[in-house]
Amino acid sequence: MNVPVENYLVLAALIFAIGCAGVLTRRNVIVILMSVELMLNAVNLTFVALSRQLVSMTGQMIVFFVMTVAAAEVAVGLAIFLAIYSQRRTVNADEISLLRW
Amino acid sequence: MIAFYFIAILTLASALMVVLHRNPIYSALGLVNTLFLIAVSFVMLDAELIAMLQVIVYAGAIVILFLFVIMLLNVETEVRTARVSRLGTAGLVLALLLALELGVFALVREPSSGTPELPAGFGSTELLAETLFSDGMLSFELTSLLLLVAVVGAVVMARRKVES
Amino acid sequence: MQPEHAHTAAEAVVAATSLLRWIPLLPLIGFGVGVFAASTNRRSLVHVTGPGSVLLAFVVSVIAVSQLWALPAGGALVDNVYTWISVGMLKIDLTFRVDALTSVMLLIITGIGFLIHLYALGYMHDDADEARFFSYLNLFVASMLVLVLADSLPVVFIGWEGVGVCSYLLIGFWYQDMANADAGRKAMLTNRVGDAAFLIGMFMLVWALHDLGAASLRFEDVNRMAPQLGAAAPHVVTAVCLLLLIGATGKSAQIPLYVWLPDAMAGPTPVSALIHAATMVTAGVYMIARLSPLYVLSPAALDVVATIGAVTALFAATMALVQNDLKKILAYSTISQIGYMVLGVGVGSFSGGVFHLMTHACFKALLFLGAGSVMHAMSGELDVHKMGGLKKQLPTTRWTFLVGCLAIAGVPPLAAFFSKDMILEAAFASGHVVLWLIGLAAAGMTAFYMFRAYFLAFEGESRVDHHAAHHLHESPSTMTIPLMVLAVLSIVAGWVGLPHGVLWGDRFGHYLAPVLAPHDALGHHEIGGGTVLLLTLVTTGVAALGIFVAYSFYLKSPGTADRLAERFRGVYVVLWNKYWVDEIYDRLIITPYVIFSKFFWKVVDAMLIDGVVNGAGVIVGKTSDVWRRLESGNVQHYAAAMMLGAVVTCGVYWWLS
Chain A
25 MNVPVENYLV
35 LAALIFAIGC
45 AGVLTRRNVI
55 VILMSVELML
65 NAVNLTFVAL
75 SRQLVSMTGQ
85 MIVFFVMTVA
95 AAEVAVGLAI
105 FLAIYSQRRT
115 VNADEISLLR
125 W
Chain B
377 MIAFYFIAIL
387 TLASALMVVL
397 HRNPIYSALG
407 LVNTLFLIAV
417 SFVMLDAELI
427 AMLQVIVYAG
437 AIVILFLFVI
447 MLLNVETEVR
457 TARVSRLGTA
467 GLVLALLLAL
477 ELGVFALVRE
487 PSSGTPELPA
497 GFGSTELLAE
507 TLFSDGMLSF
517 ELTSLLLLVA
527 VVGAVVMARR
537 KVES
Chain C
1234 MQPEHAHTAA
1244 EAVVAATSLL
1254 RWIPLLPLIG
1264 FGVGVFAAST
1274 NRRSLVHVTG
1284 PGSVLLAFVV
1294 SVIAVSQLWA
1304 LPAGGALVDN
1314 VYTWISVGML
1324 KIDLTFRVDA
1334 LTSVMLLIIT
1344 GIGFLIHLYA
1354 LGYMHDDADE
1364 ARFFSYLNLF
1374 VASMLVLVLA
1384 DSLPVVFIGW
1394 EGVGVCSYLL
1404 IGFWYQDMAN
1414 ADAGRKAMLT
1424 NRVGDAAFLI
1434 GMFMLVWALH
1444 DLGAASLRFE
1454 DVNRMAPQLG
1464 AAAPHVVTAV
1474 CLLLLIGATG
1484 KSAQIPLYVW
1494 LPDAMAGPTP
1504 VSALIHAATM
1514 VTAGVYMIAR
1524 LSPLYVLSPA
1534 ALDVVATIGA
1544 VTALFAATMA
1554 LVQNDLKKIL
1564 AYSTISQIGY
1574 MVLGVGVGSF
1584 SGGVFHLMTH
1594 ACFKALLFLG
1604 AGSVMHAMSG
1614 ELDVHKMGGL
1624 KKQLPTTRWT
1634 FLVGCLAIAG
1644 VPPLAAFFSK
1654 DMILEAAFAS
1664 GHVVLWLIGL
1674 AAAGMTAFYM
1684 FRAYFLAFEG
1694 ESRVDHHAAH
1704 HLHESPSTMT
1714 IPLMVLAVLS
1724 IVAGWVGLPH
1734 GVLWGDRFGH
1744 YLAPVLAPHD
1754 ALGHHEIGGG
1764 TVLLLTLVTT
1774 GVAALGIFVA
1784 YSFYLKSPGT
1794 ADRLAERFRG
1804 VYVVLWNKYW
1814 VDEIYDRLII
1824 TPYVIFSKFF
1834 WKVVDAMLID
1844 GVVNGAGVIV
1854 GKTSDVWRRL
1864 ESGNVQHYAA
1874 AMMLGAVVTC
1884 GVYWWLS
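Protein chains in written order, with the working numbering: chain A, 25 to 125; chain B, 377 to 540; chain C, 1234 to 1890.
Keep in mind that the hints were calculated from the coordinates and are not lab data. Please read all numbers here as calculations on a predicted model, not as lab measurements. Just so you know, not all the hints are guaranteed correct.
Unchecked claim - Restraint ranges, calculated between C-beta atoms of paired labels, are given here:
no.: 1; chain 1: B; residue 1: MET447; chain 2: C; residue 2: LYS1855; range: 46 to 54 Å
no.: 2; chain 1: A; residue 1: THR82; chain 2: B; residue 2: VAL469; range: 32 to 40 Å
no.: 3; chain 1: B; residue 1: ALA534; chain 2: C; residue 2: TYR1886; range: 14 to 22 Å
no.: 4; chain 1: B; residue 1: ARG462; chain 2: A; residue 2: THR82; range: 19 to 27 Å
no.: 5; chain 1: C; residue 1: ASP1838; chain 2: B; residue 2: VAL469; range: 32 to 40 Å
no.: 6; chain 1: B; residue 1: VAL484; chain 2: C; residue 2: LEU1877; range: 16 to 24 Å
no.: 7; chain 1: C; residue 1: PHE1832; chain 2: B; residue 2: ARG462; range: 46 to 54 Å
no.: 8; chain 1: C; residue 1: VAL1851; chain 2: A; residue 2: SER80; range: 55 to 63 Å
no.: 9; chain 1: B; residue 1: VAL484; chain 2: A; residue 2: THR82; range: 42 to 50 Å
no.: 10; chain 1: B; residue 1: GLY497; chain 2: C; residue 2: TYR1886; range: 14 to 22 Å
Claimed, not checked - One side only, chain B facing chain C, incomplete, derived with CB under 10 Å:
no.: 11; residue: MET377
no.: 12; residue: ALA379
no.: 13; residue: PHE380
no.: 14; residue: LEU463
no.: 15; residue: ALA466
no.: 16; residue: LEU470
no.: 17; residue: ALA471
no.: 18; residue: LEU474
no.: 19; residue: GLU477
no.: 20; residue: LEU478
no.: 21; residue: VAL484
no.: 22; residue: LEU524
We put the CB at the ideal spot given by N, CA and C, even for glycine.
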């Protein structure tokens, strides 16, 4: 393939930005978590692209770890969310602002 | 090249569906799509094992988890408000800025000197395992510990819910 | 404690000893015991330590003085306790020094002080606050001793302030009555004005000496450098002398700072006797005598001193003429007599001023204690018009009081005759004829008003009201013995200063001569023996006239005084209102000062300073009010903040690369 690596980097940047917009804009907590996953995947794409460019397996190794951690994070995050939901009966992020002044 | 652009456009479209659609089920579907297309990109980048893992772990497990929760809670379609909140505009602006900056970073580098030659077996399971268990031994162990913590945490949270 | 001898550059022999520190220390220990007794409610402790500590101090003083007399004339005993301040050229030690002048003061303070403490045992016997009283009294004696034992001006100032504080504490002793507390405050504040002048004078002096290369405030250094100072900076010498004089007028109740003394009669009578007759009020005179070599270099300052003394003597005497309160009569009399002392030192007779100081201590203490005895018998009544015929019930008091009156009037051969005469003679000899006349007039008035008091209180028909008459009794012996001792002293104390050529002459003056500036330093012309005799006769005659007029007004034909008061109503009103001095001070000085202070309080303190301090707190509160909104609890807000940070960081990175 003769796709220059910059292309992948720009793609990853765009996916990351879309993920950011999702995190900041949406009010549904689950959708926010999904946007976070988008961001993580964008990072993964960057790592793999550069690992290929620099001919080093280290990048892919890092992606391996990121995936693992992302899985753990989703599990725990959803568990927390379920615990809050059982109390508050809402999925709206605005209404779960307990730790305020 | 055409393949790349095709995949790229589809990926972006799926990502936008995740973020923009009001119904969370559609967002989850969009997420599956995006993850799968990124796996395709991985294959195009000679990272086969990672592509497999992407499909199995991400698309196969994580999104299922999301779908379970959505179904369990019977989450409704989000009501679209008339005005975009202040936070929303700020978020959009920031995201745009970030994309701009990152893009600039990517593009102002010297153009790459073509695609380098890859050694045989690049991206294969053997090579990844070799790197993982030599350079990344410590991280490997720590990550397994992390998974343990996550499991324990999830169980504790779930248990509390059942009791109450 | 054998003194070691050391010969200094001058011929004065100075012996070092560690005995002297005990003189003020013993009453100080008495003060400590008194505080303990007062706070733990053990009154009887002070019955022993109160007078006892002063008696011990008296014994030690006698020992010290006898050691002094073993030295040749002009010698001194020195006790260096420790070095207090040592900065550059200036070295101020806590050193006690006994020379001829100090010895006189020491014996007066401890001797008469002890008698008064003894008297106070009986007087304050029924007062619940007895322990506090004796603790204050002991502290006072300790401070006064520090004052006279001091080797240098700063240490004098320590004692100066100490007696001021004790005066405040003792005048306002029965502070539950606001009037007494006010009187104490008035004394303190008036003294303060004098103290400020004293301090400024002291600073000017050390500054001027520093310019001459000898920065020291020790008396022997100051007096030794005085001629040099006078040659180099005569105006400074005059200024210093005048400033120190203002300090003296505060402490010694002269014009213009005498106003506290009549009010100070609110304190218990032993206080009036000790502080306001025998000791504290003499501090100013003592200080001028100590610095006599400095004062003789400024004839202008000495003129001011003499004038103030003479005018005060007359001024106070006129006010005493119409007072009805027995203690107030004695208070004005004190002001007047100290005026004599100040006049004496002002015309160059330093030993004469100190001589009168000594005799005055004896008979004024006697008179005050006698008044206290009368008050004790009359259950607190002091108005002489409500007394009369007391000689029947109070014989001892009556005879001792009579001795006191004779002494103060200047009847020979009692004490004040010799001392007053010495001063008036010096005034005439130095050419201050006007001042001599003023002093003479004051002497006549003194005789008059003192005998007015005596006749109204002790002689004639009794005007005592029935209720008080039942309680009339002579005082207990603890009160009458001091009266008798003081009466004897009042008779003999004058015999150490006989006029030139009579018997042993002026032994007192010769004793003090090495320490004070010489008598002829001001260039007096000596006056012949005939003139002296004439002057003495005139003085005695004036005194006799005063006594006779009092007798005729109040005993032979009572009511004469009232008729005169009616005839000269205007004069009477002016005298009765004490020339409205207090009111004038209030209008001119105190009211503007209070307005000034109120301004500083309300505007500067309350608004400005509190505003700044509270404002700082308010500002912190308001800013944190703004910042706390960052913690909205909304996770998306936090994420937005993080995103913003990332954007900014990338931007900076881009900018820098």
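Evaluation of the provided hints:
no.: 1; hint: B:MET447 <-> C:LYS1855: 46 to 54 Å; result: holds, 50 Å
no.: 2; hint: A:THR82 <-> B:VAL469: 32 to 40 Å; result: holds, 35 Å
no.: 3; hint: B:ALA534 <-> C:TYR1886: 14 to 22 Å; result: violated, 43 Å
no.: 4; hint: B:ARG462 <-> A:THR82: 19 to 27 Å; result: violated, 42 Å
no.: 5; hint: C:ASP1838 <-> B:VAL469: 32 to 40 Å; result: violated, 53 Å
no.: 6; hint: B:VAL484 <-> C:LEU1877: 16 to 24 Å; result: holds, 23 Å
no.: 7; hint: C:PHE1832 <-> B:ARG462: 46 to 54 Å; result: holds, 52 Å
no.: 8; hint: C:VAL1851 <-> A:SER80: 55 to 63 Å; result: holds, 60 Å
no.: 9; hint: B:VAL484 <-> A:THR82: 42 to 50 Å; result: violated, 24 Å
no.: 10; hint: B:GLY497 <-> C:TYR1886: 14 to 22 Å; result: violated, 36 Å
no.: 11; hint: MET377; result: violated, 29 Å
no.: 12; hint: ALA379; result: violated, 31 Å
no.: 13; hint: PHE380; result: violated, 26 Å
no.: 14; hint: LEU463; result: holds, 6 Å
no.: 15; hint: ALA466; result: holds, 6 Å
no.: 16; hint: LEU470; result: holds, 5 Å
no.: 17; hint: ALA471; result: holds, 8 Å
no.: 18; hint: LEU474; result: holds, 5 Å
no.: 19; hint: GLU477; result: holds, 4 Å
no.: 20; hint: LEU478; result: holds, 7 Å
no.: 21; hint: VAL484; result: holds, 9 Å
no.: 22; hint: LEU524; result: violated, 26 Å
In the structure shown, a violation is registered for the earlier hints numbered 3, 4, 5, 9, 10, 11, 12, 13, 22, in ascending order.
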